[in-house]
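*Asks:* For the sequence shown, our numbering begins at 452 and goes up steadily by one.
If you're looking for bench data, these hints aren't it; they were derived computationally from the structure. Any given hint could be a false lead.
To be verified - Label pairs and their in silico Cβ distance ranges: (1) I519 with T489: 43 to 53 Å; (2) G591 with Q465: 16 to 26 Å; (3) D470 with P574: 34 to 44 Å; (4) L475 with A586: 30 to 40 Å; (5) A586 with E542: 28 to 38 Å; (6) E577 with I498: 19 to 29 Å; (7) D546 with G575: 25 to 35 Å; (8) T590 with S454: 35 to 45 Å; (9) D546 with R569: 16 to 26 Å; (10) D468 with H544: 14 to 24 Å; (11) H457 with G520: 37 to 47 Å; (12) Q503 with A543: 16 to 26 Å; (13) P516 with A586: 31 to 41 Å; (14) D470 with V588: 43 to 53 Å.
Owing to the predicted nature of the structure, the values given are computational and were not obtained by experimental measurement. Backbone N, C-alpha and C fix where the C-beta goes; we use that ideal spot for every residue, glycine too.
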Amino acid sequence: MNSFVHKTLVVELQAGDTDRFPVLAHLSYDPSDPFAVTVVFSHDGRILARWQLDREMVTEGLTRPVGIGDVRLRPQARGVERELRMEFLGEAHADGGRHHAVVFAWAETVGEFLHETRRMVPPGREEVRVDDFLADVLTGT
């Protein structure tokens, strides 16, 4: 049995109002951080961005709009297929604006990934090692 779940999929990065370009999204789940899903976006071997997302938020984003801060997720129809629309707001520009990216992934594929994470650590069975975390903080590691 693997100690983590990993899935690489092709997603589409929106440029402008309508153009979309394919990039890779590497989804990973580590049971030692049971509430988080990590997504790394890459293109031509370069890492474009890395985000750590709340697993429950991603699950809810498949069925309804969620998020009011730097990450916003919502389901979206594209023909007969369903997509997960992911909007990311990043660091500020010198002109006062913020980096902004919109990415679309097939909802079914993201759902399959989440199903695997729930098989590994069912919701409500997550364990948080507070003592280990505090020891790390106190020792500066």
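*Asks:* Now tell me if each hint is right for this structure.
*Replies:* Quick rundown of the hints versus the structure:
no.: 1; hint: I519 with T489: 43 to 53 Å; verdict: violated (21 Å)
no.: 2; hint: G591 with Q465: 16 to 26 Å; verdict: violated (41 Å)
no.: 3; hint: D470 with P574: 34 to 44 Å; verdict: holds (37 Å)
no.: 4; hint: L475 with A586: 30 to 40 Å; verdict: holds (36 Å)
no.: 5; hint: A586 with E542: 28 to 38 Å; verdict: holds (31 Å)
no.: 6; hint: E577 with I498: 19 to 29 Å; verdict: holds (28 Å)
no.: 7; hint: D546 with G575: 25 to 35 Å; verdict: violated (45 Å)
no.: 8; hint: T590 with S454: 35 to 45 Å; verdict: violated (24 Å)
no.: 9; hint: D546 with R569: 16 to 26 Å; verdict: violated (43 Å)
no.: 10; hint: D468 with H544: 14 to 24 Å; verdict: holds (20 Å)
no.: 11; hint: H457 with G520: 37 to 47 Å; verdict: violated (26 Å)
no.: 12; hint: Q503 with A543: 16 to 26 Å; verdict: holds (20 Å)
no.: 13; hint: P516 with A586: 31 to 41 Å; verdict: holds (39 Å)
no.: 14; hint: D470 with V588: 43 to 53 Å; verdict: holds (45 Å)
When held up to the earlier numbered hints, the structure conflicts with 1, 2, 7, 8, 9 and 11 and fits the remainder.
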